[in-house]
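The lines below spell out each chain.
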Amino acid sequence: MTISDDTAAGARRSESSHGFAARAATLWSWILRFLKYGANSDPRKPHYFFRRHSGMVRTTHWINFVVITVMLMSGLQIFNAHPALYLGNTSDFAHPLLSLYAARAADGTMHGIAQLGPWHFDTTGILGLSNVDGQPTIRGFPEWATLPGVQWLAMGRRWHFFFAWLFAINGLAFAAYAFASRHFRRDLLPTAEDLRHLPREIVDHAKLKFAHGEDAKRYNSLQKLAYFIVLFVLGPLVLLTGLTMSPTLDSAFPFLPWIFGGRQTARTIHFACAFSFLGFFIIHIAMVFLSGTWNNLRSMITGNYAIEGDRHE
Amino acid sequence: MSSKFDPRRRRFLGRGLAAASALLLSGCYDLTQKGWVRKTLVSAENLTRATQRAIAGRHTLAPEYSKADIAPVFRPNGTLNPGTDFYNALAANAFRDFRLEVTGLVDRPLKLSLADLRKMPARTQITRHDCVEGWSCIGQWKGVQLARILALAGPKDNARYVMFYCMDPMGDSDYGDDIRQVPFYYESLDLIEATHPQTILAYELNGKPLPVANGAPLRLRAERQLGYKQAKYVERIELVESFNHIQGGNGGYWEDQGYDWWGGI
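Just so you know, the protein sequences line up as chains A and B, in that order.
Numbering-wise, the first sequence is residues 1 to 313 according to the numbering used here.
Numbering-wise, the second sequence is residues 314 to 578 according to the numbering used here.
Derived by calculation from the structure, the hints in this document are not laboratory data.
Built from N, CA and C at the ideal position, the CB exists for glycine as well.
One thing to keep in mind: the hints can contain errors.
[Unchecked claim] Here are the simulated distance ranges between beta carbons: (1) A/ILE282 to B/THR397: 45 to 55 Å; (2) A/ILE282 to B/ARG371: 44 to 54 Å; (3) B/VAL386 to A/LEU98: 40 to 50 Å; (4) A/TRP119 to B/ALA464: 23 to 33 Å; (5) B/GLY571 to A/PHE65: 22 to 32 Å; (6) B/THR353 to A/TRP62: 16 to 26 Å; (7) A/PRO254 to B/ALA460: 15 to 25 Å; (8) B/TRP349 to A/HIS284: 25 to 35 Å; (9) B/PRO434 to A/HIS284: 54 to 64 Å; (10) B/GLY571 to A/TRP258: 27 to 37 Å.
Based on the sequences and whatever the hints tell you, model everything.
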């Protein structure tokens, strides 16, 4: 069973005709082909559907998408209340590891500055100083990145701690499922062989050469490693460092601030985790787009993933 | 299988996408303004409080640190000087005329001077102050365990919360022009947190009398809670059954501005 032959037909039509309309049609057919099958795929080959994602994976994935978006934006709102990071248990206000602030230049103009260790960057308009209702305003992250947009710590905390429960429950449900169904062992845990394939996989990804046919049924080693790190390292780490910031939980579990090297270090790690999620998010979406947008999206919505070739089971 | 162009399907998808992105981009702020959304978000506070209470129990102690960990300057926040005539007069006389009142649902209302409090057994603790804004600061506090003061006063059986009324007026509030409604800082703890061993009324910071910026002459330390729970300039304690009728009804100045009553995270 093939998904569609219309892009191939479009390509054939363009061979026998000339002119602008034909060129546009060719371009459009290439775009469609790209979105459907990704780079370097051959849509003329037959396809069949393979059940790629279970209902549990699809459900927790989309819940997580909403939850992490809210957590990131409300987290930046909370961060804006004191846009600086430190190490240790106490804040060394004179020497933050990172800070976003505004300063007046010699010519009298205000500038937004991002400081990281000994380096200072002018980030006017985005970090330190950005427009709120058309007025340059001193704030860490800009209005469009925070939830709520206006400076409102109390409401940022309400969003963050409500969705933190969803994050934890959704994450634990996924982890329980992954271990019980052997999804973890079978699909996510990188093997020694996966790690050996890693250098070649990185080169293939850089060339936008993606797996097809039978190989596309499994996560490649780079995917495995990325999902494993995000799900089983970053996820627990962001949760634990978040809990470490709670003075009540520190009284129950004094080892929490101890293992992370202090509450402020935990807060810094929490922030680094959040931006690692964001980094993963950007690469993940780019990969979804490049390796067959519709096919990938369909497989995460309905579960069905089109595989090139004839079904042989 | 060949996909057929279906304008209705396409229009539906297009509108769906547009609606979803509009909701994501601008909707969250509008959502925040809606009563039911706010109520739903606020509901998580009870779950958090119940869970943290169940985990931490009554007597787990906040981590205590060594003298080497004490910050050179304990960062003052909020009011730095109440500045009222009443407060200035007390401060001019080194708070010798200061009296801590204990009222409300108690068998024996009290009026205690600083000298009275200093005569009581003291607790000294080097603890970490965690501000709701995100920063932390370590200081050494000395004071009287609140449990001892409450025991002197004898709480009645129906007393559930301890209110702390402070001497610093809060200017930028939502109470309008009605001068009778201009609030002074206030806070509250329930009896579990109020009688916790590390909950003290501190009169010393880092071995010296409490500075004005840090809440002189007397401030609350509730070490398992965030900074805004730790009222400065405390002058009156009231035991109550409920705080619904007090000020905004949420149990504290910042709570009336939308912050959680449970300051455990």
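Of all the hints numbered above, which does this structure not satisfy? Sort the numbers upward. 3, 4
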